[in-house]
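Participant: Note that the protein sequences, when read in sequence, are chains W and H.
For reference, each letter of the first sequence is one residue, going 1 to 171 in the working numbering.
For reference, each letter of the second sequence is one residue, going 1 to 388 in the working numbering.
Mixed in with the good hints there might be a few duds.
Unchecked claim - In silico SDA-like links for lysine to any residue, alpha-carbon gap of 25 Å or less: (1) W/K25 <-> H/A213; (2) H/K233 <-> H/E170; (3) W/K25 <-> H/V31.
The hints are simulated quantities; they were obtained by calculation from the structure and are not laboratory data.
Since the structure is predicted, the reported quantities are computational estimates derived from the model, not experimental observations.
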Amino acid sequence: MTTPTGGPAWTRSADFATYGGHLEKANFQGEPVINPKTDVDAGHLQRLSADLAALTRVAPFCQMSFSAVAAGSTVTVHECRLMTGVTAAAYDGAAPPAGFPGVTHVSAQVLAIEIGGLYSDDYSVSDIFEPAFASATCTSDTDPARAYTSGTSTVIVESGLTIGTFSVWIS
Amino acid sequence: MAGFGGLCPLPLRLGGTRAETAWTASDQSAVCRDLVAVARVLPFAHVVTDRDGAVLRYRGVNGLSSEHHPVVTAEDVGPLRFLHFVFPAEWEDSLGLRRSVNIKTAEASPANAAQADVLTAEVNNAAGRQRVTVGSMNAGGYVQLTVWGSYLDYVRIEDYGGATDKTDCEPEKTPYAWNFLNALRDARGSGYTRERGGLVHVENMALARAHAASWRRAERLACNANPGTALEKAEEWRQVLGVRRRDRDTDATLRTRNAAKMRAALGPTRATVDDAVAELMGPLYVRTWRNYDPTTMADDPGTFWPGVNPGAATRDLGGGAWYSDRQHVVVELVQPAAVGALEWQDKLADLTELLDLMLPATCTFDWVVSADSGFVLDVSRFDEGCLG
Chain W
1 MTTPTGGPAW
11 TRSADFATYG
21 GHLEKANFQG
31 EPVINPKTDV
41 DAGHLQRLSA
51 DLAALTRVAP
61 FCQMSFSAVA
71 AGSTVTVHEC
81 RLMTGVTAAA
91 YDGAAPPAGF
101 PGVTHVSAQV
111 LAIEIGGLYS
121 DDYSVSDIFE
131 PAFASATCTS
141 DTDPARAYTS
151 GTSTVIVESG
161 LTIGTFSVWI
171 S
Chain H
1 MAGFGGLCPL
11 PLRLGGTRAE
21 TAWTASDQSA
31 VCRDLVAVAR
41 VLPFAHVVTD
51 RDGAVLRYRG
61 VNGLSSEHHP
71 VVTAEDVGPL
81 RFLHFVFPAE
91 WEDSLGLRRS
101 VNIKTAEASP
111 ANAAQADVLT
121 AEVNNAAGRQ
131 RVTVGSMNAG
141 GYVQLTVWGS
151 YLDYVRIEDY
161 GGATDKTDCE
171 PEKTPYAWNF
181 LNALRDARGS
191 GYTRERGGLV
201 HVENMALARA
211 HAASWRRAER
221 LACNANPGTA
231 LEKAEEWRQV
241 LGVRRRDRDT
251 DATLRTRNAA
261 KMRAALGPTR
271 ATVDDAVAEL
281 MGPLYVRTWR
291 NYDPTTMADD
301 PGTFWPGVNP
311 GAATRDLGGG
321 AWYSDRQHVV
331 VELVQPAAVG
341 ALEWQDKLAD
351 LTELLDLMLP
361 ATCTFDWVVS
371 ADSGFVLDVS
381 RFDEGCLG
C-alpha cells in the first residue's frame, strides 16, 4: 500500500515538494523532451506540483445543503460533499452516517454543524480538520443566512427564519 | 512505460500496460483536464478579519503566511464601518515565477455571532490595486471575504504538458536502459556475476544508461525531423513552412500548425485536406461536408447546366444558367466553452489560411459550428429561421 507524501489536503500543508516538485528538478542530463507528443517535461511536472499545492490551500473541505423546519425538529441533510467523499443519499442531521457531519438545532433559527475532527483520505491517512472559513445561504428564504466557525469543530448557521433550505460551504 | 530513476529518467515517457508502473497519455490528459477545471472555479483566497481590519485567518493561492495577506484598512463613513482589502498585484510562487492577481469577484459574509448585518463586497481595481471594499461592520463583528481571480483562471492543459494529440510512447515501451542492462549481462556470459551490486553491475548500469541516452538522442533527432513531433526545431520548421508566429502560441499549438501546413504539400485530395484540418483543429473538428461524391458519380441536385439540368431562369446571365455547389467545402466545428474567444479566432484564422492554401482556386469554403442550426453571426449564433 502506497502512502502519499505529506498530509491530507485539508491540512493545507502541501507545497510543491509534496507532489514531487523540486527547484532543481530537470530532465536527465538537462536534455529536452524527446517527443513532445508522448513525453512530459520536468518543467511541466514542476508547474503541476506548484499549482496543485496552490489550489489545495483554497479548496473547500465541505459543501452541503440541508433543510430545517422548526426548532427541535429533524434537520434533513440533502447532500454533503466532503474532500473525503460524497453522500449517496439524504440523511437525518442528528444521525449522520460515519464520516459525515451532523446538523442539529441549537435554538430557533440557529443550527450547528459538527464537522471538526479526524478524517481519513483515500489512502487511509488520517488527520484533523478544523473549520476556519464558512459561508451559508438560505435558498428558500428571503432572509439571509450566515455561517461562522465556533471553536475547533463547529460551524454555526443562523437565519432570520427557521424554515428553509440552506447551502453551506466550509473550508 | 512511465517512471523515473536510473533506468527511466525524466522526461517522463507516457504509456505502459500495467497499472502498477504505467502512466498513460490518457491518465496524464485526465490530470491536466481536471486540474485546469478545478483551477477555473476555486477562489483565490479566503480571509477573516475583525472590525478593525486585523487579519485573523488567511488562506490563499499565494500562500498562508502574513506576507501573503492583503493589507486591510478600516474607514468610518457616518455610522458605517468600511474595510478596504488591498491584495498584492502579484507574488512570487514557489518556483520563483511572478504570478498575477486580478480580483474579479468577491463575496463577504459575517464570520462571528456579533456580525449580524448583511455585508456587501465591491471589487474596485482602479489605480492598479486589487482592492475589495466591505461595508457595514458591527461592533465586535468579524467579516469573511472570499475572492476569485488570479493567473489560475487562465491556465491551460499545455502548462502541465498536456496536448490534445498526446499519445503513448511506442519506441520506449520498456526503458531503453533496462533492455541494454539485460543485454549487457547476457553478453558477458557466465564468467561474470549477475548480482545487483558490485563493480560488474555498476559498469553494466553505466554502459546501459549511456547507450539508452544515445538511443533517446537518436529518437529525438528523428522527432525533430518531423514538424508534427519537433520541439527544439519547431521554430526552424515554422520558418521553413511559412507559419506565422503568435506570441501566445504554445509549443503544442505551433507543432500542430506546422504539421498541418506540412500536409498541404501532399496535394488537395479529400483525405489530405480532411487530415490536415483534423490535425490543425484537434477536438474542435467534427467533419467536412461536401456536396458531391466523386466515387459514386451520383447526380448532384445542386449542379445545373443548360440542356441537361437547367438552372433557374432568374440566374441566367445569357446562354442558360450554369451553377454548382460541387466545389464548396464546409468544415463543421464545435466550440467548447473552454476555448476562449481569442483562441477560437486564432483557430479560425489558421483554418482559413490552411484551406486557402490547400484547396484549388475553383473551390470555396466555409465553416459552421453546427451543420443544422444556422451559423455564427458576429459573436452570437443565429438560427437561419430568425432571419427568414
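Participant: All hints are to be evaluated individually against the structure, with a verdict given for each.
Facilitator: Hint check results:
1. Only pairs whose Cα atoms come within 25 Å are accepted, and W/K25 paired with H/A213 is accepted, the gap being roughly 18 Å.
2. Note on H/K233 and H/E170: the hinted pairing holds, with a Cα-Cα distance of about 21 Å set against a maximum of 25 Å.
3. A C-alpha spacing of about 20 Å is found between W/K25 and H/V31, which places the hinted pair at or below 25 Å, so the restraint holds.
Every hint from the earlier list agrees with this structure, and none is contradicted.
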